[in-house]
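**Q** Assemble the complex: chain A is given as a structure, and chain B must be docked to it using the hints.
Protein chains: 2
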Amino acid sequence: MNVTEAIEARRSVKHYDTNHVMPEADLAELIRLTKLAPSSFNMQNYRILVVRDPETRQQIRAVAWDQPQVTDASVLFIMCADLTAHLANPSDYWSHAPEEVQNIIGPMIRPFYEGNDRLIRDEAMRSAALAGMTLMLAAKDMGYDSCPMIGFDAAKVAELINLPENYAIGFMIPVGKQSQPGWERGDRLTDNKVVTYDKF
Amino acid sequence: MNVTEAIEARRSVKHYDTNHVMPEADLAELIRLTKLAPSSFNMQNYRILVVRDPETRQQIRAVAWDQPQVTDASVLFIMCADLTAHLANPSDYWSHAPEEVQNIIGPMIRPFYEGNDRLIRDEAMRSAALAGMTLMLAAKDMGYDSCPMIGFDAAKVAELINLPENYAIGFMIPVGKQSQPGWERGDRLTDNKVVTYDKF
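Those protein sequences? They're chains A and B, same order as listed. Add 21 to a position in the first sequence, counting from 1, and you land on the number used in my numbering. Add 21 to a position in the second sequence, counting from 1, and you land on the number used in my numbering.
Chain A with its partners taken away, still in its complex shape (with noise of 0.2 Å):
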């Protein structure tokens, strides 16, 4: 499937069914693909956590306005990121640049960040969002739908998840074989209520 037509046919499923197992191969290759999304600095800050465990699920459903597709699709993604990223060491994640150009950026990643709570978040939710687009593309290329969430109580996921806490939640992404399509396309707002030229 070809980006533009994956860009069209990418809706948000609800009803899945509940009998598919997603294959190990596919999972390994969905990650793979997400891992290549994009993050500021190359910090691979984004964390995804896969939900497959059926009670876990059932908990995170009765805290998401009991929606279907938390414990209905084959795999639950948690998209989250580490808020603590910038304090690693860059030579990680850095190698892919000329040597010169390390030894000036390097150095510069860490500052950049520090004390900047808001920043710090802001990276959170962009790195988080960049790999789940991305994620959601490449399950629709391999035949699966999925369904973007924010619609849960944050605090309850997070402590039935463990989640670490240097890390915050992006949203979740229920990953499946639809048994029932999605709704209609919603109306899109007109381009001149949402794109603008030059200066606003």
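Just so you know, these hints were derived from the structure itself, not from any lab. Do not take every clue at face value.
Identical copies go unnamed one by one, so any copy, or any two together, can satisfy a pair.
[As the list claims (entries may be wrong)] Keeping only pairs whose Cα atoms sit at most 27 Å apart, straight-line, the calculated DSS-like set for lysine-lysine is: (1) K220 - K177; (2) K220 - K198; (3) K214 - K177.
Source: prediction; values computed, not measured.
**A** Coordinates of chain B only, in the frame set by chain A:
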């Protein structure tokens, strides 16, 4: 180009053909596809600034660590979001659901966000990134390269583009025809650093 190829081939490209002018039809298609990205409650809270004016681009470059892609790419997209989108009338963007669902969900949107500044900001970053990732993969499919950027003085860019008070900047994406390829892809962190199963 299929989705897997586009995800694999997308690199952050910093050097562009300064003579290339993006045809209006390509720009329109990029915007059409970007607008198919999902957003919470289908609020479509992303706002896309398309900067082509050379003087504005030069001013932005001056507060973006003098990075060449800001002026040299064919178009500079600044992915923003409206922090008050949850106050809009849901009937503008919620026509896709059955009427009984509209009647339940519509009134939920405003109270879900109101008074929760962090959630509102998170939503801005998520939507800008979901739309931006869609834009970058669509661009790759159409023969363009891109470079997601947060390395700029956001307050100064906000001033240069007359950012409305109720908008936030997510990140910038120069898009154009590369004159030099991006660096080799940086090392990926191993799965055991970014993927966890069932609970942390």
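**Q** Determine for every hint whether it applies to the structure shown.
**A** Each hint tested on the structure:
| no. | hint | verdict |
| --- | --- | --- |
| 1 | K220 - K177 | between (42 Å within a copy, 13 Å between copies) |
| 2 | K220 - K198 | between (43 Å within a copy, 23 Å between copies) |
| 3 | K214 - K177 | between (36 Å within a copy, 24 Å between copies) |
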